[in-house]
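Letter by letter, the chains look like this.
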Amino acid sequence: MYHWDFYMIFQSFDLFLTGVWVTFIYTLGSIVIGIVVGLAACFARLSRFWWLRLLARSYQELFRCTPLLVQILWAYYALPMILGVTISNTMAGLLTLALYVGSFYAEIFRGGILAVDRGQREAAASIGMSSSQAMFYIIMPQAIKSMLPSFINQSVIQLKNTSLLYAISIAELTYMTSVVTSETYRPLEAYSMAAILYFAMLFPLTQIADHFERRMRRSD
Amino acid sequence: MTKNSAISVRGLRKAFGNLEVLKGIDLELAHGEVLGLIGPSGSGKSTLIRCLNMLEVPTAGTVLVQGRTVSPKFKAPAPAMGTGELRRKVGMIFQHFNLFPHLTVMDNIISGPVRVLRETRSEAESHARDLLEQVGLVDKANAYPAHLSGGQKQRVAIARSLAMRPEVLLLDEVTSALDPELVGEVLEVIRRLAANGMTMVLVTHEMGFAADIASRVIFMEDGQIAEEGTPEQILRNPTSDRLRGFLSRFHG
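Note that the protein sequences, when read in sequence, are chains B and V.
For the first sequence, my numbering begins at 15 and goes up steadily by one.
For the second sequence, my numbering begins at 62 and goes up steadily by one.
Wrong hints could be hidden among the right ones.
Unchecked claim - Facing chain V, a subset of chain B residues (Cβ under 7 Å, in silico):
| hint | residue |
| --- | --- |
| 1 | Ile141 |
| 2 | Ile152 |
| 3 | Met154 |
| 4 | Gln156 |
| 5 | Ser160 |
These aren't lab readings, by the way, just hints derived from the structure by calculation.
Heads up, the beta-carbon is just placed ideally off N, CA and C, and yes, glycines get one too.
With these hints in hand, go ahead and build the complete structure from the sequences.
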């Protein structure tokens, strides 16, 4: 019977906390950039210009149809060779995560906007709103409500995806766990602790998200 | 074109792909007039009314509002009129109400005045309360559309249009989606608007109602104006076989 011993793990708790903090920063940073990229790609796909639609579509398919780990490694090792510049692991990691999640966000945003009844746009137009006013005051608020569950889902996946940054030695939680493991020779305890910390980060977030979602359903 | 003309339409055509829905419409609408548009489904009456405020962009022909050519662009250089200005002057009520479900009744009504006319919230709200009184829904100001009956929704939609202080109202089969017992309350509101001199174009299947309030009735068939005249001439003493056939399906 294995004898669990968390004593040494607790001794290195500061390393875990660093990992939690770095994971949090990469998640938040990539989600914020991802929203901007996702919105841009979403409106490009809804654009009147075929070349914008094609550009956005190509970007989305490129990032959706290749594994994130391959993208991260490629951005860190292959891209600098092609461009002839050095790219830090921070930059490669953050941008790849952001572009990856952005390609999924774009599809979520687009679906939400298209799901709003066409009559809403006409009603907004009929009281003299411009198409951007209609989008901002009438379409988006309704689209956000319907896209919120998928948006939260994708963002939860995003936090867990930061663990792949381990491959390019970014000090997020999974990487820090491997550091603790090599110092303590306690892999079972270390990875159990990592799982608990991931859960402790995400569970409250999903609960808060549920709360907001319920609040937004007031008008139903 | 007379000086009193609110809307004039010249040689209006509209095609969807190969299907020509409007085949050359000429029409004058005077201020204070209530024009009823009747005809079988597919005759183009809804498309015509939607062309009047550019929800459908005509394939050919012109629409003039107060003598100014309407452009399909939101902003158009003078003397043309862009759709932004057009829709401030010409309001539209839809068959399916199209209220904004995420806003309360009050916010539905003031959204146009606040966002488009740049009225302050308090002046828009006091106007909105007057309008809610006119349509008999003062107590519903803070309700969301999902909690209203069809007839109530349509009355809110009318108030939302009136909040823009339009000069002309377009009504596109506004009672067709309502349960029969709710039709009366909506028609009553429209009847009062007509009595107060509002210029209106209404597409309707309520022949009795059209006969009551319209000052002129147009019978459309196959994308063209087939007959035109007073309600007395068109609805009570139809001369052509086609019109008689159409009306007999309504009178039973």
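Against the structure shown, which of the earlier numbered hints fail to hold, in ascending order? 3, 5
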